[in-house]
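Fit chains B, C and D to the supplied structure of chain A, relying on the hints for placement.
Protein chains: 4
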Amino acid sequence: MLMRYKAVRKFTRRLCRPLALEDYVVQSMADVSPTKWHLAHTSWFYERFILQEFVPGYEPVNEAYYFLFNSYYNGAGPQHCRPSRGLISRPTVEQVYDYRRSINRRMGELLLNADDATLDQIAPRLTLGLHHEQQHQELLLTDIKHVFSSSPLLPAYHAFDDEPAGNGPGDVDEPGWVGFDAGVYEVGVPADDESFHFDNETPRHKRYVAAFELADRPVTNGDYLAFIEDGGYRRAELWLSLGWSTLQADDWQMPLYWFRDGAQGGAWMQFTLAGAKPLVLDEPVCHVSYFEADAYARWAGARLPDEAEWELACRDQPMQGNFADSAAGVGRIHPLPLSVAIDGEVGRVRRCFGDVWEWTRSSYSAYPGYRPWPGTLGEYNGKFMCNQYVLRGGSCGSSQSHVRATYRNFFAPEARWQFTGLRLARDA
Amino acid sequence: MLMRYKAVRKFTRRLCRPLALEDYVVQSMADVSPTKWHLAHTSWFYERFILQEFVPGYEPVNEAYYFLFNSYYNGAGPQHCRPSRGLISRPTVEQVYDYRRSINRRMGELLLNADDATLDQIAPRLTLGLHHEQQHQELLLTDIKHVFSSSPLLPAYHAFDDEPAGNGPGDVDEPGWVGFDAGVYEVGVPADDESFHFDNETPRHKRYVAAFELADRPVTNGDYLAFIEDGGYRRAELWLSLGWSTLQADDWQMPLYWFRDGAQGGAWMQFTLAGAKPLVLDEPVCHVSYFEADAYARWAGARLPDEAEWELACRDQPMQGNFADSAAGVGRIHPLPLSVAIDGEVGRVRRCFGDVWEWTRSSYSAYPGYRPWPGTLGEYNGKFMCNQYVLRGGSCGSSQSHVRATYRNFFAPEARWQFTGLRLARDA
Amino acid sequence: MLMRYKAVRKFTRRLCRPLALEDYVVQSMADVSPTKWHLAHTSWFYERFILQEFVPGYEPVNEAYYFLFNSYYNGAGPQHCRPSRGLISRPTVEQVYDYRRSINRRMGELLLNADDATLDQIAPRLTLGLHHEQQHQELLLTDIKHVFSSSPLLPAYHAFDDEPAGNGPGDVDEPGWVGFDAGVYEVGVPADDESFHFDNETPRHKRYVAAFELADRPVTNGDYLAFIEDGGYRRAELWLSLGWSTLQADDWQMPLYWFRDGAQGGAWMQFTLAGAKPLVLDEPVCHVSYFEADAYARWAGARLPDEAEWELACRDQPMQGNFADSAAGVGRIHPLPLSVAIDGEVGRVRRCFGDVWEWTRSSYSAYPGYRPWPGTLGEYNGKFMCNQYVLRGGSCGSSQSHVRATYRNFFAPEARWQFTGLRLARDA
Amino acid sequence: MLMRYKAVRKFTRRLCRPLALEDYVVQSMADVSPTKWHLAHTSWFYERFILQEFVPGYEPVNEAYYFLFNSYYNGAGPQHCRPSRGLISRPTVEQVYDYRRSINRRMGELLLNADDATLDQIAPRLTLGLHHEQQHQELLLTDIKHVFSSSPLLPAYHAFDDEPAGNGPGDVDEPGWVGFDAGVYEVGVPADDESFHFDNETPRHKRYVAAFELADRPVTNGDYLAFIEDGGYRRAELWLSLGWSTLQADDWQMPLYWFRDGAQGGAWMQFTLAGAKPLVLDEPVCHVSYFEADAYARWAGARLPDEAEWELACRDQPMQGNFADSAAGVGRIHPLPLSVAIDGEVGRVRRCFGDVWEWTRSSYSAYPGYRPWPGTLGEYNGKFMCNQYVLRGGSCGSSQSHVRATYRNFFAPEARWQFTGLRLARDA
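Protein chains in written order, with our numbering: chain A, 4 to 431; chain B, 4 to 431; chain C, 4 to 431; chain D, 4 to 431.
Only chain A is shown next, with the shape it has when bound in the complex (with noise of 0.2 Å):
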C-alpha cells in the first residue's frame, strides 16, 4: 500500500519536472487551477480525510491550509473562493513541496505503525486517495496548458520524441461501424466488484438499449476540418440553442487550441503540450465541447452514444491506449495518430481507451439505486449530478491504472480545456 502511494506521489514529482517555478502559481481562467494548488490540495486530501481521522490529536500541518486546499467540501468546513486560487503567492513552490513532504512524512509512519485493523480502515480511503491524485494529475497537465496558451510565447511543456507529420484529407479511411443487438443490458459496477470504482458507477442495474451501431474510430483532426470547412461555425440548425448561443458569446471558430498560421488562409495549427505544431490530420480531434461534438455529430448524420452504449460496447476492449504514464515513455501527452499503431491494440472498437475523453449524450445524473458514500467524502461526485454530460475512457492525460470501462467522467457542455473528443453513434 506504501510502495503504491509512493508511486503515485512520485509521478506528481515527476509530471512537474518541466515546468519553471513561476508555471505552479498562475490561474489563467476560473476553471483551472494553479499546479501549486492542485500540489497541496493532493496532499490536504490524505491530511484531512486519512491523517486527520486517524492519528489521535492530529495537529495540521498549517492551520491555514485547511482553508486554502479544501476544494469544494463543506463537510469539511469553509474553503478559499476557487477563481481566486491563483491570486496568492504565499505559500510558494517550495513551502507546498514541504506541505507535501510533511505529509508524506506522516502517512509514512501511519502506514508503518497502524494495527491490520486500522489499517483495513484506512485502505480504502488511500485507494480513494491515490485515484484523487491520479485524478488531479490529468487536470494538472490540461491546466498548464491552458497556462501556456495564455502567453504569446506559446512555451513547450515537453518536446515530443517523436514527431509525426501532417497527413493530407482521406488519409483516414470513413469509419466503419460496428453493431449491437436490442436487448436488456447491466451497466454499472457489480456488487462483488471489490477493485477500486466511484459511487457514481454503482449500482449495476438494468438498462434497455435499442440496437444500435457505434464507430470503430474516434473522430480526426480531418474529420473535423471538414466540418469547419463546410460552414459547421457558421450553420445555427446543427447547434443546440445553448451551443449556439456560446459560439457566439465567445466567437468559436474552431477547436480550443486550434490557430491559423498568419493571416485568413495560413496553415492549420495547434498549440500541443509541445507548443505550435501543423495539425496533423489523423489525430484524434481535441478539446472540442459537448456542443461542438453533438454539432460535428448531427452533421455527420450520426448522434452521439450514450453512455451504456459506450459501456457496453467498449468493457471487452482491452485496456490498451495512448495514456500519460504510457506516454511519457514515448515522449508525448497528446492524441497519438490513427496510423501510428499501439502495442495490444485489438478489437472492434479502436482507440476508446486513452487519447481523448469521448463525450457521449448522457446527462451526468444518478444510476438508479445511487448512494453516495456516507459523510463529507458524499460530495466526491453525487452533488454534481447537474448540467454536464459523461465522458468515457480515458485521454493521454490519464493514467492507465486509474481508467476502467465503467468509469464516468463529467464535464460542463461549454467545457473544452480538457482532453475531449468524441466518436460517432448511430441507431442500428
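It should be emphasised that the hints constitute simulated quantities derived from the structure, not laboratory data. A portion of the hints provided could be inaccurate.
DEER-style ranges, computed between Cβ atoms [as the list claims (entries may be wrong)]:
id	chain 1	residue 1	chain 2	residue 2	range
1	B	Pro63	A	Ala369	46 to 52 Å
2	D	Gly186	C	Met322	31 to 37 Å
3	C	Arg237	D	Gly269	24 to 30 Å
4	A	Met32	B	Gln82	29 to 35 Å
5	D	Ser248	C	Gly234	34 to 40 Å
6	A	Asn116	D	Phe70	56 to 62 Å
7	C	Asp119	B	Pro281	51 to 57 Å
8	D	Ser248	B	Thr130	29 to 35 Å
9	B	Met322	D	Ser248	52 to 58 Å
10	A	Met32	B	Pro155	47 to 53 Å
11	D	Ser248	B	Gly268	28 to 34 Å
12	B	Pro155	C	Gly182	56 to 62 Å
13	B	Gln82	C	Gly182	55 to 61 Å
14	C	Gln124	B	Gln82	55 to 61 Å
Using N, Cα and C, we set each Cβ at its ideal position, and we do this for glycine too.
Below, chains B, C and D alone, put in the same frame as chain A:
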C-alpha cells in the same frame, strides 16, 4: 378547425381582460416576456408558418414584426434581442391587437377558401399553432405574475372567488406510496396516435424501469415549511453543488413569492395572482426550482421520480384537475388545497394533472430514435435538449385540452417563476 | 405663485400629449426614467418637501409612493432601485395622473389658505419645485427620445412643422473667434441676486482667466462629419484614454442617433423626435459625449472652453434661442440650423443659449466657499460633484425661463442621450 | 548620466530582494501589475523610446516583449490586455532579469559610444525613463502589498527595524491651522526651470486663490478612528453620491488593510509591509480613497485643499520626509508616527512630503496653456485627464529624488491601494 382556432384565440383575449394597458408592456426579467409580445408572437406564428407558406404572394402585415416577434427560429430570420423585449413601447397594445385582428381575418379567409388538399396540409400546422398559443397563455400568466410581484403595490390579477382558509400544520396526512413493478415498459406516444403531440414525445420506446413507489399526492406548503424550519436552506449537504451556489448568490431562503409579514417571525405569506395571501398549508407547494425540489426530496429521504416512472404511474389517471380553463370557472389560477375536492378526482395518484408542474429528475434529452420535425419547426423543441429538466402533468396555468400524460415540459434547474412543484418517489 | 405653479404643471402635461400610454412605462436604459416616473417624482417633490412640511398632520396620498418616487434623497428615506423603474406596471399612468391631481389640489389648498408668513417660507421651495419640474421636463424629452430609438419602428414624438433641407458641405463658414482679455473676473451668482438659482452657482467668486478666444457659433453636423471622415473615431491619439476605451467597448462610430441609410455608404441620417431624418449639415451637432466633444476639439486644433470662460463670454448675450417652450411654437424640439434666424438673435456669440448644451472642460466641482442648501435639499446638487463635467447654455429641450448664464448643468463624460453639443475655444 | 541610470536600476533590484520568485508573478486585481511586469516594462521603456530611436538598425531583444510590456502607448503599437498580466507564467522571472541585463548592456554601450550631440538628445529621455522607473518602484511596492494582503498567511515584505508602540487616543493634539492670504499666485513649473518635471506641471500660470487655512499636519489613524466610531461609514449625508454607492457595493467599513482582530470588538489592526500590526494612532492615515478623504473632511467641518492651495503652502517647505529610499535606511516603508521626529523637519506644514500622498479636491485637468509632449510620449500624462483626482507630496513608497512640490500624482477617486492619505483645509 376555424372554431377551435377562434376558441383558443378568444381565451387568450379573455386572459388579458384583467390587465391594464401598462401591464402589457413590462418585462420584469430576461425570462419574462411582455404580454403584448406574447399576443404578437402567437399571431406571428400563424403568419410565418401558415399564411406565408400557403397564401401565394403573401405580404406581411408589417415587415418589422417578422424581426420583432420571432422568438428563436433561426430558420425564420434574425430576432430582436430577447432581454430587450420590454425596452420598446411601440407597437402599442392597440397596434398589437390590430395585428391579431389582421391575422385572424387572413386566417379566416385562408381556411374558408382553401381546397381540401391544402387544408390537409394546413391542419397539422394550425393545430401546432393552437397548442403553441396555449403554451403562451400559461407563460402570459406566469409572466404577469412576475411583473406584478415587482411592484411594491403587489397588485392582483383577479380575485379568488373561493378563499380557502389557512390550515394548521398536520392537517394533511403523510403521503401514501403507490408501488410499481420492475419491467420493460413502453413510454412516449405510439406511432399510430393521431392526436396532437410534440416531436419530443416520440418515438414510443422501451425502457427498463426498476420497481419504485410514487407518492399519492404532491408535496404541500405544510410539508415544505417543515423543511425550511429544519434549516433546509442552510444545510449544504442537502443540495446539489450548483443549487447551493445559486442559493447563496441569490440569497434564497424560501420559494419564490413567499415572504413573511412584518419583521422576523411574522406570518408566512405568499404573493398570488389575487395579491398577497396567507400561506395555505395543504396547497401543493409552488414556485420551487429543480434545485429546491431535489433538496427537499433528499431531506425527506426520498427522491424525484424520473420521467418514465411518472408517465407509467399517471397515464391511466383521468385527465381531471385544477387547470386555467377550469380554474377560470372557479375563479382562481392557483394551486388548490388538497382538502378541496375536484370533480371526477379518482385514482391512486391524486392531483398529478393540473395544480403544479412536477419536477422529474430527468434531464431533458432526446428519446432513442428521436427525429425533430423537418425544417424550421424542428427548432421548436430539439435544440433545447441541454441543461434543462423535465416537468410533467400541467398546472393551474395550463389549459386542460393542452395537457397529456406524455407531455414533456422543461425548464432550467434554477427557474422558479413557473407553477412548479414536486411529488416524491422512492426505490421499492 | 399659484399661477406659475399651474403653468409649469400644465406644460408637463402638454409635453406628454403626443404619447401613447405604453410610452409612459418603458425605461430603455438605467439613465432613462419612464415618463410616468417623471410625472410622479415631480409631484412627490412638492409632497415631500412642501406638503409634508407645511401641512400639519399631513397624510401621504400613498405611503408606497414615498419609496417609489424618491429619486436619490437619502435624507427622505429609502428609494426604489433606479434601474428597476421600468420593471413595474403599477401604479398605472392613470393612477399617476390621479396622484398629480391630488397633489395639485392639496397644493392649491395650501397656497390659498396659508398665512403670509408661511407663504414666505413656502415660496423658495415652491420655486425650487418648479425649476425641478422644468429639469424633468427636459429629461422627459431626452428619455422618451431614447425609448423611441429602441424600437425598430423609429416612431415620431411629433412632426416638425418646418422642415429645413439638408445642406451640402461648406454651407457654413468657418467659425469666427471672439477674443477676451486676461484678468481677474467674478463668476457665479452675486449674493444679492434674488432671482432663482441653484446652490451650486454660488458664491460669486474671483477667478484669474488668461486671455482666450471663443468660437462665435457651435460646432455643426457638417463640421463633425469632417472629423468622422478624417478617421476621428479610429485615431487613438485624438482621445482621452477613458474615451478611447469607451469608444471601443461600445463600438462608437458616430454620435448617438446618427446612422447611415442602407449598407456601407448610404446617406447620413439621424433619429429625431420627428423620426428618422436626413442629417442637416448646418445644425449644431447634438448627442455627443464629453469624450467626443474633447476629441473633436483636439482634432480641430482647439479645445473646449472652461466654464468660467463660457460664462464671461455669454453672460451679456440676450437670452434668446431655440428652447422647448419657444420650440413648441415652431413645432420642433431639435437644434435649429444656423441658417435659420432666431428672433432677437444678436451679439458676438451666436446660439449660446438653447439648441444644445455645450460641454466645457470643467469638472463639476464646488465653487470656493460653496455651501450646499441645509437639510435634505442639500443633496440636490452637492453630492454629485465627482466624475461629471459642466455644460452650459440650455438646449432645445429646456424652457427659456429655466436657463441662466450662470446655470451649471452636469453629466458623466460618457453620457450622450442629452441634447449635448459643443463650441470651440482656444488660447489667445 | 550612466551612474544615475545604474543607481536607479539598482534600487529597483534592491526593492525586489525580499521577494520570493512566486511573488513576482501574481496580479491580485486589475489595477495591480505583477512585479515581473514592472521589471520588464521599465526596461521596455528604455528600449522603445531610446534604443530603438538612437541605435541604427536596432533589433529588439524579443519581438513579443514589444507587445507584452507596452503599457498603454497606442503610438507604440498594440498591448497585452492589462487585466491579464498575471495570467502568464512566461517569460519567467529569470528571463525578465535577462531582459533587464540586455537592456542595461545596450544602454551602457549607447551612452558610452554616442557623440555629444546624440547624448544631448538622449538625455531628456533618459531622465524621463529614470523618473518613470521611480514611479514603478512605488507601484511595485503598493502592488506587492496588495498581493500579500490576498493570502490568508499575510506574509511580510520586510521587518520593521523600529517598531513604534500603539498610542492611546488623544496622543496627538488637534491640528493647528496655517493661514494664507488671498491673491493672484503663480503655480506650476516656470518655463526656465531646467530640472526634471512632467509636462502636466506646466506651464506656470496665474491663479486667483481666496484666503484659506491648511492643517499643519496630516490626518492620523486616531483622527480617522473617531470618524469611524461616529458612524462615518453609515451616514450617507457625509458622502459624495458615487462614494456612497461604492461604499455600499464594496461594503467599505474602514480603510483598506484595516481589520479587527477576532470577532466584533477586537483590537484595531492594519496589514502593513511588515505583516499584520496593531494600529498606531498617531500615524498618518493611509489607504483611504478620495471618497473617504472627502467624507472625513466633511465630517470634520473642513474640506480638502485644492492643488493650488497645497502647492502654495508647501513649496517652501524643505524636501524632508519619510521616503522609500530614506525609509530603506530606517527599515520601514510605512507612514511614520507624528511622534517620531524626522531629521531636518522644520516649517509650518509638517510632513507634507513623504508618508502619504495627500488627496486634493482638484480634478486632474490640463493647466491653462498645457501642451502634451510631442509624439508618443505625449500619451504619458495628458490622456488621463478625466475622472481622476490630484494627490500631492509623495509617500513612504516614493524616492526623495523623485518628488517635487509641483508634482501632480493622480488616481481614480475609488482607488485605495496606494499610500494615500489627506490633510484638511478650510476657508479663512
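Practice problem: Go ahead and decide if the range 31 to 37 Å is satisfied by the Cβ distance of glycine 186 of chain D to methionine 322 of chain C. | Solution: The hinted range 31 to 37 Å holds for glycine 186 of chain D and methionine 322 of chain C, with Cβ atoms some 35 Å apart.
Quiz item: When you take the CB atoms of methionine 32 of chain A and proline 155 of chain B, is the distance between them in 47 to 53 Å?
Solution: Between methionine 32 of chain A and proline 155 of chain B, where Cβ atoms are some 41 Å apart, the hint is violated.
Self-check item: Beta-carbon spacing of aspartate 119 of chain C to proline 281 of chain B - inside the hinted bounds 51 to 57 Å or not
Solution: Holds, since aspartate 119 of chain C and proline 281 of chain B (Cβ atoms, about 53 Å apart) stay within the stated range.
Quiz item: Holds or violated: 55 to 61 Å for the Cβ distance of glutamine 82 of chain B and glycine 182 of chain C?
Solution: Roughly 57 Å apart at Cβ, these two residues keep to the hinted range, so it holds.
Exercise. For the range 29 to 35 Å, tell me whether the beta carbons of methionine 32 of chain A and glutamine 82 of chain B fit it or not.
Key: holds (30 Å)
Quiz item: Is it true that the C-beta distance of proline 63 of chain B to alanine 369 of chain A lies inside 46 to 52 Å, as the hint says?
Solution: holds (49 Å)
Practice problem: Check the following: the C-beta atoms of methionine 322 of chain B and serine 248 of chain D are separated by a distance inside 52 to 58 Å. | Solution: Roughly 54 Å apart at Cβ, these two residues keep to the hinted range, so it holds.
Quiz item: Between arginine 237 of chain C and glycine 269 of chain D, does the beta-carbon spacing fit 24 to 30 Å?
Solution: violated (56 Å)
Quiz item: Could one say that the CB atoms of asparagine 116 of chain A and phenylalanine 70 of chain D fall in the range 56 to 62 Å?
Solution: holds (57 Å)
Self-check item: Range agreement (Cβ of glycine 182 of chain C with Cβ of proline 155 of chain B, hint 56 to 62 Å)
Solution: Given about 58 Å between the Cβ atoms, the range holds.
Quiz item: Lying within 28 to 34 Å: is that true of the beta-carbon distance serine 248 of chain D to glycine 268 of chain B?
Solution: holds (32 Å)
Quiz item: Between serine 248 of chain D and threonine 130 of chain B, does the beta-carbon spacing fit 29 to 35 Å?
Solution: For threonine 130 of chain B against serine 248 of chain D, whose Cβ atoms are near 53 Å apart, the range 29 to 35 Å is violated.
Violated hints, listed in ascending order, are 3, 8, 10; each of the other numbered hints is respected by the structure.
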